[in-house]
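**Q** Sequence:
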Amino acid sequence: MRAVHRVAVAIAGFAAIGCPNGSSVDDDAETATSGDETGTDTAIGEAGPLGCPSGEVCTLVLVSQTLDDRVEIFSPGDPGGNVYRGTIDLDLKPNLDGDNSSGRLDEPFGLALAGGHLHVLVGHYPQRDSGSLVSFPLSFLEGFAVGQTIPLSSYYDGGSFDGVTQVGFGEEEPIFMLPYGDRLLVSVFNNDLFTAETTWTNPGKLLVIDPADPSRVGVRDLVGLDGATCDGAAGLVDLGGGRVAVACDGNDAVAFLDVSAVGSGDPSVAAATITGNVCSLPVATERRVRYLAPDGTGVIVPVGPGGLSALGSADLHRVDANTCFRGVTPVASNGQAQLGHIVASSNDTWLLASGAGQLTAGGLRGIYVLRDVGGVLELCDTPIGGFDAHWETPGLPVDPFALALTDDGRHLAVGASPTNSEAAGGIHGKVLWASLPSFDDDPCAATAEVVDLTSGELAASEDHVASWRRAPDVVEVFRVQGR
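For the sequence shown, the residue numbers in this note's numbering are 41 to 523.
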């Protein structure tokens, strides 16, 4: 099976569009980009994999290798030439016999740098249906050398944690995380991602966490919202103005939530203040509604096939937080595009990751520019240049999936996964770092300068399991300030 967070499914037809009454978002609310740098000038010492020279500002790329149970750290443009900063081993329950059903898989997913910690959501620890947050104090990480693998034995003995904090949520699939002011917001899928979408009927949840004391957790069940529930809560983005949006993959919807009061006080009390509305998309059974990007008055939602066997259509849905559905921009049909992350480059330009899936020819593989032209979304016919050579590997081709932009929009981190991570040769995932051109002139003719951060000595080898990169499904860009 593909990484469980991309379950392979088939396509079905559309149903009616729903729209709630009530809650609204101000049209002139301040907007924020998704997939951006999620930390701003976190103070850190010079030592360790996150270290930065005193007085300098350093850019770090952190990657959750979700099938290989580790977090990798890179520093593109590192002043000391140490681009590869090291790895954190997170294989808390080794899957020695390959039997995923037993629960022996961890899958690190959401990442955040906040409250003096590196926070990692681990979807299937202590059990497959019960996830956790593992928080590494920055002082702990400073005790390791640059380029080193931080071994599991340095903080975990098989039953207890030492030097790091583990908080068990008792929730199923708490995997998406958004730093929000002085809090962390975590969306809980609350359904079994190993099953078909027709079973994803449990309402999702939103957790409010104090990053300085991760044991302080508040829970808001995403029911009682104007319009509908939010079943299967997935990706979430900051819209500005005290609002966030959450993708509802179980019932093909978007929840717009007022989180303006979660920034202080007890997280349990804060979580109870969350209100909002739900906008339903045209229902399309067994297609993914998982990632979002803000567009000023709402979000843009990629909707498309979710796995290798899905051969349906792919579309971009524009959803206004006040009036709900605004329109659809077709991307592809017949399984030519499997859509991943979308990020906002500016107020009217977005970047979209598209994989070709199982197609050997004709698939839309690449990073595409999406523009607002007079209120109409236009998708470029061809992807940004400079990436094509990087999709080829010694094994299977890789598809771009995870995206993160620097706050100035000039650099893009890309996690690219093998077309079939379980097949022979499906180990050569990549982490790319692209210098982007300006999109002011002709964005559809743009070419990026692309560097493979995982090439050379870091390239995967069949003989060394610790080098495999089967699913770099989360990439985040952080900015740290050396002290």
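Think of the hints as simulated: they come from the structure by calculation, not from any bench.
Heads up, the beta-carbon is just placed ideally off N, CA and C, and yes, glycines get one too.
Among the clues, some could well be false.
[Stated by the list, open to error] What follows is a set of in silico ranges between Cβ atoms, one per label pair, in the way DEER data are often shown:
#1 Val368 x Ser200: 43 to 53 Å
#2 Asp421 x Gln167: 42 to 52 Å
#3 Gly210 x Thr389: 17 to 27 Å
#4 Ser386 x Gly496: 49 to 59 Å
#5 Ala312 x Pro119: 28 to 38 Å
#6 Val309 x Gln521: 31 to 41 Å
#7 Asp421 x Ser193: 34 to 44 Å
#8 Pro177 x Asp480: 41 to 51 Å
#9 Ala506 x Ala87: 29 to 39 Å
**Q** Please go over all the hints and tell whether each is borne out by the structure.
**A** Hints, verified against the model:
1. The given range of 43 to 53 Å is respected by Val368 and Ser200, whose C-beta atoms sit roughly 51 Å from each other.
2. Checked against the hint of 42 to 52 Å, the C-beta distance between Asp421 and Gln167 comes to roughly 46 Å, which is consistent with it.
3. Here the CB-CB span from Gly210 to Thr389 is close to 41 Å, at odds with the stated 17 to 27 Å.
4. For Ser386 paired with Gly496, a C-beta distance near 34 Å fails the hint of 49 to 59 Å.
5. Separated by about 46 Å at the C-beta atoms, Ala312 and Pro119 break the suggested range of 28 to 38 Å.
6. At roughly 32 Å, the beta carbons of Val309 and Gln521 sit within the given window of 31 to 41 Å.
7. Between Asp421 and Ser193, the C-beta spacing of about 52 Å breaks the proposed range 34 to 44 Å.
8. Separation of Pro177 from Asp480 is about 43 Å and conforms to the stated range, judged on CB atoms against 41 to 51 Å.
9. The hinted window of 29 to 39 Å between Ala506 and Ala87 is violated, with their beta carbons roughly 23 Å apart.
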